[in-house]
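Engineer: Based on the provided sequences and hints, a complete structural model is requested.
Those sequence lines, one after another, are chains Z and C.
The first sequence finishes on residue 509 if you use our numbering, and the numbering steps up by one all the way, no holes.
The second sequence finishes on residue 1831 if you use our numbering, and the numbering steps up by one all the way, no holes.
What the hints contain is simulated information worked out from the structure, not anything from laboratory work.
Below, a sample of chain Z positions facing chain C; criterion: calculated Cβ distance under 10 Å:
#: 1; residue: 444
#: 2; residue: 445
#: 3; residue: 447
#: 4; residue: 448
#: 5; residue: 449
#: 6; residue: 451
#: 7; residue: 455
#: 8; residue: 457
#: 9; residue: 458
#: 10; residue: 460
#: 11; residue: 462
Which chain Z residues stay away from chain C? Per the calculated CB distances, all over 12 Å, these:
#: 12; residue: 469
#: 13; residue: 476
#: 14; residue: 478
#: 15; residue: 480
#: 16; residue: 489
#: 17; residue: 490
#: 18; residue: 491
#: 19; residue: 503
Every residue, glycine too, gets a C-beta built ideally from N, C-alpha and C.
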Amino acid sequence: MTMDSPDGADEAHATVADQWVLDAERQLFLVDRIIGLEAELARVEDERRTYDDRVAAAEAELVKLTSSYTWRAGRKVTGGARWLRRVVSRKPRA
Amino acid sequence: MSVPAHEQGFEPAKQEPAPRLTLMVLPWATGQRDAAAILESVRAQALPGCEILVVGPRKTVVAAGEDHGTGALARVTVSDSPTAVEAFNAGLDAASGEFVVAVDHPLADAAVLTIIETIHAHDDLDVLYGDDGGQDHAGTVVPTDRRPDFSPERLRSQMYFGTFTVYRAALLRDVGGYRAGFPGAEAYDLALRATERARFVLHLPRVLSMPREPGGTESGAGSPQTTADSELRAVSEHLDRTIGGSAEPGRISGTFRIRRSLHGAPLVSIIIPTRGSSAVIRGESRCLVVEAVRGIVDRSDYASVEIVVVVDDATPAPVIEELRVLAGDRLVVVPWSEPFSFSGKVNRGVVCSRGDYLLLLNDDTEVIAPDWIQSMLAIAQQPDVGMVGAMLYFEDGSIQHAGHLYDHGNAGHIGFGWPHDAPGPNGAFVVDREVSGVTAACAVLPRQVYFEVGGLSAVFPGNYNDVDLSMKVTGAGYRIIWTPWAELVHFESKTRVPTIGHRELRAIRARWGHRMRRDPYWPDGPGDFVKRG
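Structural biologist: In structure tokens, the structure reads:
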């Protein structure tokens, strides 16, 4: 690989070692790779945090629901039916 | 005298005593803007650890108390015809709060609680501003003026804070409060002086104030020209204290052009990847890279440049010859024999360049403003600036690019398709401002920043490499600034169908999706002013 410029500088630029250019490009590549991996890690961590927040919010909502008057009243009302269902399901089948 | 705290619903985030906020109401200064409504909105809020100061001539402060039953208000009496400076500074002297805010307009619901909670959460907070709002037809509070996150570059060009700004009282006293000699622009002058010393300036993206009409506690008696002169003087003095340079009136009222001083004449390497292709421009078939280089040579008035053209093997030899004739010893031709990769070609050009500053440029561009390089370079020379972008127009004169916007996982061009002279929302197209990113079609970076962030990524050979570069630059702690004063034509077709690879789209979201949800510098979201890529 050579670089070309119009006058006497031609030669100076043209003698740039290929390896030097490739090394510099390799350096850019590796820095980018590390930053990219760190960014992906940060994104995954962010998503995990968001997921945890959602789970916590859902659990809190569930607790709120099960401790509500409506829920407890409903449990009382349907208590007999649920007891009967348990009994029936325990009965040996013919 | 302070107002008893209404504690209901308030749970301090920490155990130490709540910071005290002084709400200064200046019925004299607010004039017809209904001091009663302001006081009512203040008193309607939970006020943990706050005090309310009513500042003004004896008659007005007494009236404020009597009319509204605000016996718990503290009153600060000033002369019968006080100046804005006298009234504001008298209030500041009497304020016992750790933070102070002049309340010029009715507050939004829960504004005080929001502010107090924010103060609790940030020990180093010195300045806080929010958004303005109003009520829609259903009576719901909606934002009417959303502001960007702290943008010091924009603040030099425009007082974008609005009137409702909370300051740490000690900082205000350090800078001397309002200054005489800036009629109509006292608040702007104060914002500039305070932010110069502030440790942390925070934009709270919530509606805090509900203005009924523009204006604040500044002197209102002067003419618009007096205010404009005061603002210009405030900005000029700010420049003297900070980065140097000069200010001049901008394209629209209330905006300024900052002409920054260049430090020396560093070599700028202009990196142009090309295939030597031609296109029909203004009815004529032209070789794009030749015309781009011709524009740089003929129309740019910055001499210390090298033009690094990275050419595919397929580039016709006559094109390279013509470039040599045009650019002489400033031209460096770098061959590229590998498969297509825009990123790879730019990186190759960069490593083969010598300049302390890199100017990435597409070959389908044409210089308009002769001082385009200086305009971008002077900004890039500020130590915390990592990238500077330009105003790009389509061939028909309409705007192609006024910065990038990243929102909901998408990237877009701000200003796309808007008329050449459109000032944009709140003058956004005519002021230097912080942005989340800029296009690599024309961008300046310090060389050391380019290498620090790994240049353009090989992961994005064709698309999104500039989005990725911008993310890496801001992720490394640098600011990106877009300037309207570096103007070029970008001969990209307005109707071009974007050929975005799904792989690249997935890759950009995999890397930066978590930082592309809300754009801190374009708070209104895409709206009408952005074309998504």
